[in-house]
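Student: Residue strings, one per chain:
2 protein chains.
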Amino acid sequence: MRVAASARAREGVRTPNDDFHDWFGALAERSYTRVERVPLDGLDGWETDPRTGNLRHHTGRFFTVEGLDVRIPGGPVPAWSQPIINQPEIGVLGILVKEFDGVLHCLMQAKVEPGNAGGLQISPTVQATRSNYTGVHGGRPVPYLDLFRDPGPRGPLVDVRQSEQGSAFHHKRNRNMVVEADGEVEVHEGFRWFTLGQLHRLLAERDLVNMDARTVLSCLPFAHAELARELGPPADPFRAALFRSCDPTAGSRHSLGSVLSWITEARTRTEVRAHRVPLAGLPGWHRTRDRVSHESGAFFDVIGVRVEARGREVAGWSQPMIEPHGTGVVAFLTRTLDGVLHVLMHARAEAGYMDVVELAPTVQCTPDSYAYLPESARPRFLDEVERAEPGRIRFQSVLSEEGGRFHHALNRYLIVDTDGGPGARADVPPDDPDYRWMTVHQLVELLRHSHYLNIQARSLVACLQSLLVPEEPAPTTERKVR
Amino acid sequence: MRVAASARAREGVRTPNDDFHDWFGALAERSYTRVERVPLDGLDGWETDPRTGNLRHHTGRFFTVEGLDVRIPGGPVPAWSQPIINQPEIGVLGILVKEFDGVLHCLMQAKVEPGNAGGLQISPTVQATRSNYTGVHGGRPVPYLDLFRDPGPRGPLVDVRQSEQGSAFHHKRNRNMVVEADGEVEVHEGFRWFTLGQLHRLLAERDLVNMDARTVLSCLPFAHAELARELGPPADPFRAALFRSCDPTAGSRHSLGSVLSWITEARTRTEVRAHRVPLAGLPGWHRTRDRVSHESGAFFDVIGVRVEARGREVAGWSQPMIEPHGTGVVAFLTRTLDGVLHVLMHARAEAGYMDVVELAPTVQCTPDSYAYLPESARPRFLDEVERAEPGRIRFQSVLSEEGGRFHHALNRYLIVDTDGGPGARADVPPDDPDYRWMTVHQLVELLRHSHYLNIQARSLVACLQSLLVPEEPAPTTERKVR
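Protein chains in written order, with my numbering: chain G, 1 to 482; chain R, 483 to 964.
No wet-lab data here; the hints were simulated from the structure. A virtual CB, placed ideally from N, CA and C, is assigned to each residue, including glycine. Warning: the hint list may mix true and false statements.
Claimed, not checked - Rough simulated footprint, nothing fancy, chain G against chain R, three-plus residues with beta-carbon under 8 angstroms:
no. : segment
1   : 627–641
2   : 746–756
As the list claims (entries may be wrong) - A few chain R residues that don't get close to chain G, going by computed Cβ distances all over 10 angstroms:
no. : residue
3   : H503
4   : H539
5   : F544
6   : T611
7   : A797
8   : W799
9   : Y854
10  : R876
11  : D901
12  : R930
Could you build all of it, start to finish, from the sequences and the hints given here?
Tutor: The structure is reproduced here in structure tokens:
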């Protein structure tokens, strides 16, 4: 399967670039969605537990909104309370791939989620909760799901459970899968074949490729090395260092064994005590008719929405959502060490993680929130990102988090090169307890396993992948209907 | 560091084989331990929670004995209740290594634990609970622990958290470490340098190398490949296939990606609902003066012991322990596929695991218990192990589980070759949901990460390692004092 050809192709064998926006615009017109805010007590099918104040669906399925009491002794904020989404079921995020004329294509879906700021987004072939495939919500069957339930004798190309936002979810994970289609595939309305090159170009567009697509793309195991081999070393030093970083035989500041030991140390040293508690009476949080919010006005609110949709499996429903305050910053700082690009990873504890700490981007925060937190909680390296000269910003795009649970959760994703020049102040000693410079091939190796890279880091790995291919004129970026 | 030389050497550079039993026997004489059964109400420092009936230390430290309500829908036994040890702290199991004349040596300790059937056992350099290093039990400092707290700039050779028995512990893990000493090391009383070859020979002796030593040895990352390279292909076909199995470039029935997908599928499909509940009133279990036991008389009892010890950090203490009924069987079936030895691994759910399922030996059970369980619960492949012709049994030794929590928990560890002949009936289809044939290098790769191989499988990996080296006359097996 020629992944490199897939990344390089100016357009797909099956789908030209030119008509993408026509296709997408036409779908956007047809897939009408109306999202209306409703009081938390007026959510059809949802109820407030009289004892705990938790929000739950009357079937007991989907998810609940509860309280969480968090203690991280020695952390920047050692104790707090917050609402949390409890959704223990493991869903499937799957991309179906197929070779046409030797070029890998991904079957993607243009899909609306109620929390999407722009409506339609490019999504994986399948986004299915366990409720989806047991059919508990009474909707239509999810197209292509059977191909992921039974991926055939060769098995999936990618199949790994990865975490989602540990700041909003208690132990939420999804199964990230890539499956190669064996025979003919009928392309249903709303679906389209894309090459990796086409998806990478769309990643740079504002709020277009959804979170679920980004995490699955980041787990594709073969893309980096094969691309590096087929495309040859580029002239641009940054991109040349990125190519070398994808080569598993290239050097790295720390061996993988040493990185694993660093993670073990962080997970042993850090103590996260997170206990689910009633949402009612959660210290610092107040419920009004329309929302649960923090007394400071910061962080996020729990809101209620009523959704009417066309082009979805269910025509109308209500649900609680998380509405963050302010746009976040999610950034990789990079540096070339001995000719090999390294990324500065942060061992980050979040209350909802399965295993204490995951590797996060160098910076991951919502700057607005820091007005309400102690100065000591201000993220390291945020200055390096906010003050970066434009020439150092190798990637920048505003992308959103999952629109099925988050309402308009936008983050500015950046990749900032710190090499040389006056802005290159960011560095850490080799034994810094919280940060390590790592190569791309080390990240790729860890992505074969669960719970090493957090969801924000996985998004940025997909963005980093997109920089492997030489820049070329972007397709018309005007989108007819959003 | 010459691991192979370490495995090959008939005796250590520092310590001849001949005087091992003198050394060990003399220590056994001096390290007097008396273990006396006492009523559960008469455990100094321990109390029964009046509300829950749980057993706990008055300081709130060490561990508690609680109840667990377990549901595994679709499992061989879909629901049960049992007592469980809750010990969430992560301790350290560490082996200090050092090269003498180019030969790797491991500093091991002859250590008594109250549950050891034979008294002294060969243990890692350090076995420290978190209570040990915070000094909560008021004992003497643990020798060499500082070398594991701060392993120096090169970092540890092994550093990975691994699970312990999921049938007895709730989420218990230890940090397995191997650290290379930088300078001179003073050898304290009770400690001694061993080559890997010496340890491997001792592994075949009954109840001598303790569980903690076995798990740390199994995680040594370089042993297999280097041994295979230096020792060259042996004449014996089984050992030749084992050598090839250690070579990461050798073929395997399933790719590592396919194995990881199988584990993901098992962990997604299997639902383990385990809830801690009060020990008092646990269905099917009764507390008498001396024990908590199952109404059938099967499985295990919770007992109380009072320990008087010399050669330990604390001279006397009391504690609850788990006393299993009957000797267990823990076995790998092996088969040579395309010239490469494969081991049949079982994706096994245990109630106390962090992550649903771990890879277990082909057979892991206590045959006596099956009198009390439905016929459908009888383990697959137990017959193949119990009826194996003596020539097929490549390894057999009775070894015990951790003597700090288990009282006389003995298991018969076996490696049974199923190749050719009438006994070679064991096979599984390639898509069997519960079993996979795997190579040694695949097991070694997974051992870099947490929670893939269970404690019994790790013990057997250490035993498998010991078969790499040609058999030679064992040292005198008579042990002067046990």
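Student: Now tell me, hint by hint, if it's right for this structure.
Tutor: Against the structure, the hints come out as follows:
Remark: the segment 627–641 of chain R is confirmed as covered by chain G, as 5 of its residues place a Cβ nearer than 8 angstroms to a Cβ of that chain, reaching the required three. With 4 residues bearing a CB less than 8 angstroms from a CB of chain G, the segment 746–756 of chain R meets the requirement of three and the coverage assertion stands. Remark: the non-interface label on H503(R) is consistent with the geometry, its nearest Cβ contact in chain G lying 36 angstroms away (cut-off 10 angstroms). At the 10 angstroms boundary, the C-beta of H539(R) stays outside the reach of chain G, the nearest C-beta of that chain being 19 angstroms off.
The beta carbon of F544(R) is kept farther than 10 angstroms from every beta carbon of chain G, the shortest such distance being approximately 17 angstroms. The claim that T611(R) is not at the interface with chain G holds, since no C-beta of that chain comes within 10 angstroms of its own (minimum 13 angstroms). With a least CB separation of 30 angstroms from chain G, A797(R) remains clear of the 10 angstroms interface cut-off, as annotated. Every beta carbon of chain G lies more than 10 angstroms from that of W799(R), the smallest distance being close to 25 angstroms; the non-interface claim holds.
Listed as a non-interface residue, Y854(R) keeps its Cβ farther than 10 angstroms from every Cβ of chain G; the least gap is roughly 32 angstroms. The beta carbon of R876(R) is kept farther than 10 angstroms from every beta carbon of chain G, the shortest such distance being approximately 30 angstroms. The claim that D901(R) lies off the interface holds: its Cβ sits roughly 25 angstroms from the closest Cβ of chain G, which is beyond the 10 angstroms cut-off. Residue placement check: R930(R) does not keep its beta carbon more than 10 angstroms from all beta carbons of chain G (closest about 6 angstroms).
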